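There are 2 protein chains.
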Amino acid sequence: MKKTNFIIALVFCALIAVSCKNETTVTTADENQKTEVTDPLPSWNEGDTKNAIMTYVGEVTSEGSPNFIPIADRIATFDNDGNLWSEQPLYFQFIFAIERVKVMAPDHPEWKTTQPYQSVLEDDMKKLMSYGEHGLLKIVMATHANNTVEEFEQIVKDWLATAKHPRFKRGYSEMVYQPMLELLAYLRANDFKTFIVSGGGIEFMRPWVEGVYGIPKDQVVGSSVKTEFVMEDGVPKIKRLAELDFIDDKAGKPLGINKFIGRKPVFASGNSDGDLQMLQYTDSNTYPSFQLYLHHTDEEREWAYDRESSIGRLDKGLDEANAKGWTVIDMKNDWNTIYPFQIED
Amino acid sequence: MKKTNFIIALVFCALIAVSCKNETTVTTADENQKTEVTDPLPSWNEGDTKNAIMTYVGEVTSEGSPNFIPIADRIATFDNDGNLWSEQPLYFQFIFAIERVKVMAPDHPEWKTTQPYQSVLEDDMKKLMSYGEHGLLKIVMATHANNTVEEFEQIVKDWLATAKHPRFKRGYSEMVYQPMLELLAYLRANDFKTFIVSGGGIEFMRPWVEGVYGIPKDQVVGSSVKTEFVMEDGVPKIKRLAELDFIDDKAGKPLGINKFIGRKPVFASGNSDGDLQMLQYTDSNTYPSFQLYLHHTDEEREWAYDRESSIGRLDKGLDEANAKGWTVIDMKNDWNTIYPFQIED
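Those protein sequence lines, which keep their order, are chains E and S. Count along the first sequence starting at 1, add 46, and that's the number in our numbering. Count along the second sequence starting at 1, add 46, and that's the number in our numbering.
Treat the hints as calculated values from the structure; they're not laboratory data. Note that the coordinates shown come from a computational prediction; the quantities given were computed from them, not determined experimentally. Each hint can be trusted.
The list treats identical chains as interchangeable, and a pair is accepted whether it falls inside one copy or across any two copies.
Each computed DSS-like pair below joins lysine-lysine, with the alpha-carbon atoms no more than 27 Å apart:
| hint | residue 1 | residue 2 |
| --- | --- | --- |
| 1 | Lys263 | Lys296 |
| 2 | Lys285 | Lys370 |
| 3 | Lys283 | Lys296 |
| 4 | Lys362 | Lys283 |
| 5 | Lys158 | Lys148 |
| 6 | Lys370 | Lys283 |
| 7 | Lys184 | Lys272 |
| 8 | Lys203 | Lys283 |
| 9 | Lys285 | Lys362 |
| 10 | Lys285 | Lys272 |
| 11 | Lys272 | Lys296 |
| 12 | Lys184 | Lys173 |
| 13 | Lys148 | Lys173 |
| 14 | Lys203 | Lys285 |
| 15 | Lys272 | Lys203 |
Could you build the full structure based on these sequences and the hints that come with them?
Here is the structure:
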């Protein structure tokens, strides 16, 4: 079993729709006249990173340019955890799973004396981690399966509507990156089709990504459990089974892209070694392509971690980005805003 | 192993783009003025079937209507074989496989004396069929796998560019149903998102569905083989393995829809018992939904078959359509044109 990379969720969010309007106006001058240009990426500081993105998009969308890419081929794929929203101190989907164990515990009295559930109920994270991936998988399966697709969707929505992040005391759907919301919108405005390609659960993301990122449910690729179709009293139901179907991480990402999208991306964005194969795959496109790594360098406003982190480790990816000249976002210096709620009204 | 339902392909097709312009103009009168209305479904005869479709679409897209469906939920799924293009005398994808065995035979001298390949090389279809599904699967795996995604795409395109249907002597991509092309365009014009959900191979369809049906590659759900991501001399490749991954037929169709689309359709169109679960699933939508079965009743212009056919059997589905009042297309009486090439210039 490959490392199971878990992800999380957040919902609705008129809040973000509102904060997305945070566009600034830049006045530029040429010899003859002043032109007002609306900056599509106001939360990005001026500099090499922003320049690289906008130069690429400008070139590949200019008809007549030797680098022009037809609209159908403008596929952009984004990792989610640590790339569109935060992933510390734990993948949000794993926080969801832990909180679910506690909610479900009254129906499972045996968990009080059965590991790894016992360590969750006793808030003993160190002990929980000692059970390794197998232990985590048990927690996830116990909390994500044995229900219908509709039931699970409602559970995710209900959790997102009330759960708060331990550090920022905000809903998890508020912990998305304002600069990435702008980048998604900017790419779509230039006729890119934006997809999430995440190690997180596909059915954990679908309930909320439409409202939060503007990405339709059918443009989400993620990890999944096996499912079963049953007719109960003449009513068709899809049941989620406690068995892994697909892990959309590392080499699974290009495979997931090929399976779900059927076309090699020209733009790929990630933040960890789990995204490396997706970026390599995109880099092999015969069209001009763009590889973007987000480097978490801002301990004060978000978190700072890379080569040694057990969550979102960026080690081999950083080396390859440097070797190949991929664009690396330095969060601390390239972003003037992290979260939408930090924008002054 | 469930029955493997194979599908087929055709490409490019400016021809169809041209023939799609075959719209007629209907003049209607109300008390005060004459209004010219362009008929979006000119290849459909006036009658109950066409009325049912247009009434449904009109109702669910009228803001303020109690039956209004938001755009994001307007998901329409179409079977392909025998529903968007013909499937006789054999699923076109199976014809492709048989022809591939012959092309590949020089590299496989052992096939001359090894079944089921030998029966293919000797054009002994009866003997080939005697090897059952297991034999067919061998033929498919030998001809569809052990190559990269790009190589297979090129093989499909090359075949479609030259292969001719035995009865009509036309390219297979010309054997699509003009009325269904009109229906797809009509639904899209009303903000439905159209998907193919087919038992055929997903990578057999993707090379050509965009040009022929106007359906993007990422809106195709189909059967698949397992794949593997490898780096060869620093170049990432996705290899197709000779092992089934997913059969998108019968109960597999709602599972495929849930996995790839993540949303229950409101409109589903099929022609065989292999589509029954997809139609049942759609029928359980809380939004008003539409179930459409195509009944092959036109021996002269196409083929006539239903309950006893080994290809595209429509038996249980016909009973359920009658019991539930689903709409059934009588091809002979409901369609004034079958194929685009039959339209007079």
